[in-house]
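Chains R and U: place on chain V using the hints.
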Amino acid sequence: MKNVLFATTVLASLATVASAETGVKIGGYGRFGLVHYSDRTAPLNDTTVHTRLRLNIDAKTETDSGVVFGARLRIQDQSRGTHGSTTGGGVNAPALLYTEYEGLRVEVGNTNTAFDTAALIYGSEMGLTDKSFGDSRTSFFAFESAPYSGVSTKDRMGVFASYKFEGFQVRASFVTPDQTGALPVEEESSIAVDYKTDQFTVSAAAVQNGAGRADNDAWFIGGAYTGMENLTVGLNYFDEGINAGGVSMGSTAVLYGNYKMGATTLKGYVANNDHVNNLTDTAFGIGADYDLGGAKLTGSIQRDYNEDTWADVGVRFNF
Amino acid sequence: MKNVLFATTVLASLATVASAETGVKIGGYGRFGLVHYSDRTAPLNDTTVHTRLRLNIDAKTETDSGVVFGARLRIQDQSRGTHGSTTGGGVNAPALLYTEYEGLRVEVGNTNTAFDTAALIYGSEMGLTDKSFGDSRTSFFAFESAPYSGVSTKDRMGVFASYKFEGFQVRASFVTPDQTGALPVEEESSIAVDYKTDQFTVSAAAVQNGAGRADNDAWFIGGAYTGMENLTVGLNYFDEGINAGGVSMGSTAVLYGNYKMGATTLKGYVANNDHVNNLTDTAFGIGADYDLGGAKLTGSIQRDYNEDTWADVGVRFNF
Amino acid sequence: MKNVLFATTVLASLATVASAETGVKIGGYGRFGLVHYSDRTAPLNDTTVHTRLRLNIDAKTETDSGVVFGARLRIQDQSRGTHGSTTGGGVNAPALLYTEYEGLRVEVGNTNTAFDTAALIYGSEMGLTDKSFGDSRTSFFAFESAPYSGVSTKDRMGVFASYKFEGFQVRASFVTPDQTGALPVEEESSIAVDYKTDQFTVSAAAVQNGAGRADNDAWFIGGAYTGMENLTVGLNYFDEGINAGGVSMGSTAVLYGNYKMGATTLKGYVANNDHVNNLTDTAFGIGADYDLGGAKLTGSIQRDYNEDTWADVGVRFNF
Chain V
4 MKNVLFATTV LASLATVASA ETGVKIGGYG RFGLVHYSDR TAPLNDTTVH TRLRLNIDAK
64 TETDSGVVFG ARLRIQDQSR GTHGSTTGGG VNAPALLYTE YEGLRVEVGN TNTAFDTAAL
124 IYGSEMGLTD KSFGDSRTSF FAFESAPYSG VSTKDRMGVF ASYKFEGFQV RASFVTPDQT
184 GALPVEEESS IAVDYKTDQF TVSAAAVQNG AGRADNDAWF IGGAYTGMEN LTVGLNYFDE
244 GINAGGVSMG STAVLYGNYK MGATTLKGYV ANNDHVNNLT DTAFGIGADY DLGGAKLTGS
304 IQRDYNEDTW ADVGVRFNF
Chain R
4 MKNVLFATTV LASLATVASA ETGVKIGGYG RFGLVHYSDR TAPLNDTTVH TRLRLNIDAK
64 TETDSGVVFG ARLRIQDQSR GTHGSTTGGG VNAPALLYTE YEGLRVEVGN TNTAFDTAAL
124 IYGSEMGLTD KSFGDSRTSF FAFESAPYSG VSTKDRMGVF ASYKFEGFQV RASFVTPDQT
184 GALPVEEESS IAVDYKTDQF TVSAAAVQNG AGRADNDAWF IGGAYTGMEN LTVGLNYFDE
244 GINAGGVSMG STAVLYGNYK MGATTLKGYV ANNDHVNNLT DTAFGIGADY DLGGAKLTGS
304 IQRDYNEDTW ADVGVRFNF
Chain U
4 MKNVLFATTV LASLATVASA ETGVKIGGYG RFGLVHYSDR TAPLNDTTVH TRLRLNIDAK
64 TETDSGVVFG ARLRIQDQSR GTHGSTTGGG VNAPALLYTE YEGLRVEVGN TNTAFDTAAL
124 IYGSEMGLTD KSFGDSRTSF FAFESAPYSG VSTKDRMGVF ASYKFEGFQV RASFVTPDQT
184 GALPVEEESS IAVDYKTDQF TVSAAAVQNG AGRADNDAWF IGGAYTGMEN LTVGLNYFDE
244 GINAGGVSMG STAVLYGNYK MGATTLKGYV ANNDHVNNLT DTAFGIGADY DLGGAKLTGS
304 IQRDYNEDTW ADVGVRFNF
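In order, the protein sequences belong to chains V, R and U. According to the numbering used here, the first sequence is numbered sequentially starting from 4. According to the numbering used here, the second sequence is numbered sequentially starting from 4. According to the numbering used here, the third sequence is numbered sequentially starting from 4.
Just chain V, same shape as in the assembly (with noise of 0.2 Å):
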């Protein structure tokens, strides 16, 4: 049907939106600051403004048998600090569509990854932009903020689901980047179990041809310990995949630890990676958060592996 004629929008009464939390909600986040890169080459500029406004649109109804369907579509847009980006304003993520009951999500669609969303392997991560050279170094889909390109065409399709039980949450995903079959691509799937107690918390995932690239394989498992009251510690290692060239990422280690002061935490990571074109081996990262109540500062000064720093400052606020 081309139309609806004078659809009329169906929207749930105030009183259902606050109790049950069925239609439609845009929250997300703002920040903003100074980003240093000193790997830039002149006459770029070390030194960048940063911003990023992240919308998400997130529609819901439940079914009278208490079965939730739900959507997300997000708009971003985010400061351009290298040249060549090829948008210049807000852009419109493709959708994820799920349905929930008890402990099992499903998505399909613009789904998250199993390797992506397991737990504790961003735990290194800090300051303006989330940023850890400790991370995986493997290529690996996601949900997406920016329309599909390059590998994943613009006939992606994602299949996601998730189970809760007691303490483990289990994940699988399967990615093609082409669904349609025209294209001679390799489809990504990965796994992920998570287990988590007051004090401990343990992940592992795999992912095969990672980023929908044939034999880029990685697997990844870390283990965080909350304790001595407000301190967090954390080891993560990662057997990489491989690179667009075919040579292995190696494997990367990284040990981090947070600890909270009053409305101040610092946060801290040493990581090791052998992949071939090191100029050392070794990145490491101190940083810290403000809560402001409603907002925080936050900052931090990495050094990468090839001996180059990263520093950035700035806000960031929810909404």
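Hints listed in this document are in silico derivations from the structure and should not be mistaken for laboratory results. For glycine and all other residues, C-beta sits at the position ideal for the given N, C-alpha and C. There's no promise every hint is true.
Said to hold, decoys possible - Short derived list, chain U residues pointing at chain V, Cβ under 8 Å:
| id | residue |
| --- | --- |
| 1 | Gly26 |
| 2 | Asp67 |
| 3 | Leu100 |
| 4 | Pro150 |
| 5 | Tyr151 |
Unchecked claim - Simulated crosslink set (SDA-like; lysine to any residue; CA at most 25 Å straight-line):
| id | chain 1 | residue 1 | chain 2 | residue 2 |
| --- | --- | --- | --- | --- |
| 6 | R | Lys167 | R | Glu103 |
| 7 | U | Lys263 | U | Thr229 |
| 8 | U | Lys299 | R | Tyr166 |
| 9 | U | Lys157 | R | Thr90 |
| 10 | R | Lys167 | R | Thr90 |
| 11 | V | Lys157 | R | Gln79 |
| 12 | R | Lys299 | V | Thr66 |
| 13 | U | Lys299 | R | Arg108 |
Chains R and U in isolation, oriented as in the chain V frame:
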């Protein structure tokens, strides 16, 4: 004026939103499932995942004298089941602006059209994607869910009016694919009349230069009867227009019926079209909806005029 | 961090939305009508339908200590009255992020600029499209309602600050068309000061390298008097910058007045500009608004420096 300094957002108070329904609301629907179509040639896949998220941003205000002014901007993302799409994320449709006073409604911009919004014209549709081979095979304009392209240049402009009185609704629309006059295009005009009683609906419509194609003229007449508790039967007839090559699309007749039993609605149709390229002149389909209360399971199996099979199954939910 | 796992949408409670105005709101306006401009050559149409829908998505939060952080993303669609547009649907503007504390406001990203937001600078505008030939003829940056293009590369970055105290408001802005340093562009800087009493407003502003064009420097001074019940008269003077060919745009002076009688406001202006290419140095316009309570009828007739006539009439409504 290039800008408004610190423009304050005028939001109708919450009380007003609840009562007079002015302000801005987001509504729409999501749907996802599987679509199978046997007309695709290897290596293309016959079966793909279908997703669509439709968000209608509806803004509205009412003057002291009761005249309503409003606008709609649609953001939509849909999965791409055939290769070659040009968008890989949600797209913003062109805007529709309107005014309403008592039974009269006038639209301007990306308007509805009379032919597309005639009652019953899509009466035989079914399944996840609201599809029927008994729909008109003529090209004509409608409210666009994506940026204008093709014959609808960026300079397309439409005007639409409808008026309701007692059981009648009349509509007229005019769409120029290029209002600047730079291109040698044809304007489409269409009219429609509906009449409804408790048990009967009849509808007739005509379009001239459909979709801006010279001599692409078509007309439609349809009738439907609802009776015998939960049964609706209808008959539509189209005298079709011409295709891009100037060849007549023949005429189409479709007999359809819906039968509701509790939460289940069964649907069926048989259609006949005598276009010269048809392998067979008969198409048909059966489908079913199952109401979940806030969402529905829906599916159909249909055969087209080339004896290919279309099948779909999935979920649709409104919000 | 590539993604947030099942990010929960943080929506301020409805009570909070109503009182502290944090959270996300959508406001804006719609307008539609007819525009006639006699400068078009056959076969182009002098008269076209004008539509615009502006949606401002405004997100906002406030820290415990009363500092406000916020952001705006605009979605806009406008009819295309001249051929050759590159967009056929609504577009997302780049994001503006800001912080406010008492009288101080700082913006970053797609910011306002001091010159564009000086009081009175658009004081002579009228009609459906807020147009006046007494506006500055100099090119300068402003908040952009569409993705960056042209000299504003995708890497454009602006910073803006304003401060209010008693009757004063001072503003300063800085915009680089390419913050990455990859392109040999000029930065625009501008300042503005306003002073308002009950009856008088005076405003002065200056811009250097307007719109990133070297030596495109301009200044402005304006004054307005409101008295005699419902009458406002003002005088603006611009020492203009240079066009793309390096030729001075001369100077512009405009005398304007508005007179309000009940629901009707009459407007008029006479402008003088001495640019070398003018057919005449005098432009003028008369217009009227009629308040419908929630919307307005508005129209104008204006003559430009080539003795061409501009006329518009239509409706504008806010939401």
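Status of the hints after comparison with the structure:
no.	hint	verdict
1	Gly26	6 Å, holds
2	Asp67	3 Å, holds
3	Leu100	5 Å, holds
4	Pro150	3 Å, holds
5	Tyr151	3 Å, holds
6	R:Lys167 x R:Glu103	11 Å, holds
7	U:Lys263 x U:Thr229	11 Å, holds
8	U:Lys299 x R:Tyr166	23 Å, holds
9	U:Lys157 x R:Thr90	20 Å, holds
10	R:Lys167 x R:Thr90	38 Å, violated
11	V:Lys157 x R:Gln79	14 Å, holds
12	R:Lys299 x V:Thr66	9 Å, holds
13	U:Lys299 x R:Arg108	18 Å, holds
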